[in-house]
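Here is what each chain is made of, one letter per residue.
2 protein chains.
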Amino acid sequence: MVSIAVLGYGIVGSGVVEVLNANQASIDKRAGIHIRIKYVLDKRRFPGNPVEDILTDDIETILQDPEVKVIAEVMGGVEPAYSWVKKALLCGKSVVSSNKELVAQHGAELLSIAKQMNTNFLFEASVGGGIPIIRPLNESLTADEIYEITGILNGTTNFILTKMTQEGREFEDVLKEAQALGYAERNPSADVEGHDACRKIAILSSLAFGMQVDYEDIYTEGITAISKLDIAYAKKMSCQIKLLATSQKEDQRIFARVSPTMIGSDHPLSTVQGVFNAVLVKGNMIGDVMFYGRGAGKLPTASAVVADIIDAVRHLNQNKICFWSTEKIQMMDLKDAPTRFFVRVAYEDFEGAIKEVENIFGVLEVVRLEEASKEFAIITELETEGLLQEKIEELQQRNGIKIVNRIRIEK
Amino acid sequence: MVSIAVLGYGIVGSGVVEVLNANQASIDKRAGIHIRIKYVLDKRRFPGNPVEDILTDDIETILQDPEVKVIAEVMGGVEPAYSWVKKALLCGKSVVSSNKELVAQHGAELLSIAKQMNTNFLFEASVGGGIPIIRPLNESLTADEIYEITGILNGTTNFILTKMTQEGREFEDVLKEAQALGYAERNPSADVEGHDACRKIAILSSLAFGMQVDYEDIYTEGITAISKLDIAYAKKMSCQIKLLATSQKEDQRIFARVSPTMIGSDHPLSTVQGVFNAVLVKGNMIGDVMFYGRGAGKLPTASAVVADIIDAVRHLNQNKICFWSTEKIQMMDLKDAPTRFFVRVAYEDFEGAIKEVENIFGVLEVVRLEEASKEFAIITELETEGLLQEKIEELQQRNGIKIVNRIRIEK
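Quick note, the sequences are listed as chains Z and B, same order.
Just so you know, we're using my numbering here: the first sequence kicks off at 70 and counts up by one.
Just so you know, we're using my numbering here: the second sequence kicks off at 70 and counts up by one.
Be aware that one or more of the hints could be misleading.
It does not matter which identical chain is meant; a pair holds if it fits inside one copy or across any two.
In silico lysine-lysine, DSSO-like type, Cα no more than 27 Å apart, as pairs [stated by the list, open to error]:
1) Lys98 / Lys318
2) Lys367 / Lys424
3) Lys351 / Lys367
4) Lys404 / Lys232
5) Lys184 / Lys107
6) Lys351 / Lys98
7) Lys232 / Lys424
8) Lys107 / Lys245
9) Lys397 / Lys98
10) Lys297 / Lys245
11) Lys98 / Lys245
Everything labelled a hint here was simulated from the structure, so no lab data went into it.
One chain only, chain Z, in its complex shape (with noise of 0.2 Å):
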């Protein structure tokens, strides 16, 4: 038998207990040994729920008792997250994380702890929920240079921007009813302005890469600024607007980006709707290889975190290698970054404006919607990023034009 701990008994929490109950004698027999919960620690009490016997709010309870071997951390945020985890490994225990925001700050340091005490620091539940990619990514893409991670990594704007293409609705009236399902937070800037993603991808390039990717360097846009026309436009261009996450390797150095991008239906992360979430990888030997599933929900991350308690279990005084190293890779600035735009380019004269955006950006395709009158939008060549904001912001200085709005297009 071998000891574990739960640190928090919410969402996440009381679906760890929940699988290891509810699927005890498989999960026993592929840990090689059955495992007991022996604390779950959380402040608040809970009258007559089974875990009443073994809560505990004392977390030096949990750290001196050399019975316990792993801890389950599932609090979410950094402190008193970090403070305790660190202690814990340094009590030669191993930590099982999903907690982002503790492994996007400080998930190399925990791994280089971990390490040196012979122990393990794991976290597949920090990104994806359910999904498996981080141990993919540690062990089995191992052959390859990996030059590319592009994910839709936050169900709730997958979700909302779902919703969105099927219904014709707008942001803000999609995002009431994702709040009422419980779909978003009360506070949904975390989710609808990118940070969650921006956390996530962090994560992602940082083990990819094998240095470490700080998420205050990448650049992140939210969906807040879609619209039911913007949404409208890319269904005309038979595209879908995502939100997506990337990371991409040049020479030594690595572009980041969240932001809404329109892409095209043959795109593999095109066809992944509503709180689904998918990893795509770009490897120099293996090409594309794509992970999906549920991004998030109690019991697909609790999977998750079952799954890392179970490898730590087998791996007990074994440290897993992995190759997250605290120096910072090299970011290259953004605007060096090729990409190509989407842009509505409002009117007071039609032929005036072509004219323009003619002069600037040389002869492109013209889209237009019916339901959008007096304006029409463009995609523009494949140029720097830094070049492409210069030229919009030179047709915006033109008269009579206003740039609507602007998305990245991938097709």
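Start from chain Z and add chain B according to the hints.
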């Protein structure tokens, strides 16, 4: 430094050498030690090829060399691969294999020898080419009870069906093109009759359910009877015809089947086009997870072989747990499995034929195609396959009616 040997210098074998050379620095870093190819076994000579100096045609040289710790078997076919792999494991060497015939037939035994010798038998490349699926099944989806695996596991047939769909062409015609392009072999029966997919789903089922699934027990139907008109019907119903390999657990029994299947556009596998493959796994906690990538090809397959080599090198003298007992799982008679059929009915008298259908199946929606005169199609309700086959047979016996084709449908 650790020495390895590659058995077979065909497409995959030369790919393995190429991947090891191309990504040597990162591979050695991930393996934690320099990996050196000491031998390549092949009966042929390759004058001028860099492997010329390390070629041997004597398996005993390799088996008797204590420096060789890992052997990559990439020859294909059951013999002599089986005898050699067994001997290698019994010598205490780890073996990695891309050979689906070998793994489907002898996987359980070879795994048990590896366990007994405290070494490893790994076979990521035997299913799905470059797609990581074996390792995720063994190490990532461990918290779940898996109840279904369904995949598009053969690139040749998916290429043919995709082309037929996109270009409205007949099977024979596209097969010839696939042969000319090297996507199909001169004798294409292993692919187009479904035998290749059958061996792969046998391997995946055995791993997912932990017991032996014999490929001979899996009902297998290929794509040779699929015509341009079947595809036109599918299109009309917003469906795609895919060669699906599926294995599903109910109580303690499974049913497994390889067959062309119509799937709707909301099915996660419907967007897998051309030579791409994908595997959909359903677990009782994680929900749906899908793995997608290139199911064949020199470098993707070699990438998976090399990832296994790295894993074997990391785990010398340390057996990785893999649950696949030699005990046979109980198979459900396919007749008892629930299914729906799309059935094409040729008639002499439309009204009479419709009446006969209603007598046997009840009132069903009828699908008609402009280009298919004197026939219509029906989609049955969900019933056991045995009952449906009887009803179809009964309809066939009625006057003036002929069943043109029937295809399973999931919609």
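Margin query: Treating 27 Å as the Cα threshold, decide for Lys184 and Lys107: within, between, both or neither.
Written below: within (25 Å within a copy, 32 Å between copies)
Note to self: When Cα atoms must be at most 27 Å apart, do Lys98 and Lys318 count as within-copy, between-copy, both, or neither?
What the structure shows: between (41 Å within a copy, 19 Å between copies)
Next item on the list: Go through the copies and call it for Lys232 and Lys424: within, between, both or neither, with a Cα cutoff of 27 Å.
Entry: The answer is neither: 37 Å in one copy and 42 Å across copies each exceed 27 Å.
Check: How would you classify Lys351 and Lys98 at a CA-CA limit of 27 Å: within, between, both, or neither?
Finding: between (35 Å within a copy, 20 Å between copies)
Check: Between copies, within a copy, both or neither: which fits Lys404 and Lys232 at Cα up to 27 Å?
Finding: Intra 32 Å, inter 40 Å, cutoff 27 Å: neither.
Checklist line | Lys107 and Lys245: within-copy, between-copy, both or neither at 27 Å Cα | finding: Neither, since 40 Å and 64 Å both go past 27 Å.
Notebook entry, point to check: Given identical chains, is Lys367 near Lys424, meaning Cα to Cα at most 27 Å, within a copy, between copies, both, or neither?
Noted result: neither (54 Å within a copy, 51 Å between copies)
Notebook entry, point to check: Between copies, within a copy, both or neither: which fits Lys297 and Lys245 at Cα up to 27 Å?
Noted result: So Lys297 and Lys245 pass the 27 Å test inside one copy only (15 Å; across, 47 Å).
Next item on the list: Pop the pair Lys351 and Lys367 into one bin, within, between, both or neither, using alpha-carbon distances up to 27 Å.
Entry: between (29 Å within a copy, 16 Å between copies)
Checklist line | Homomeric proximity label, Lys397 with Lys98: Cα distance no greater than 27 Å | finding: Cα proximity of Lys397 and Lys98: across copies only (18 Å, versus 41 Å in one copy).
Margin query: When Cα atoms must be at most 27 Å apart, do Lys98 and Lys245 count as within-copy, between-copy, both, or neither?
Written below: neither (44 Å within a copy, 49 Å between copies)
Hint compliance for this structure: hints 2, 4, 7, 8, 11 are not met, and every other hint is.
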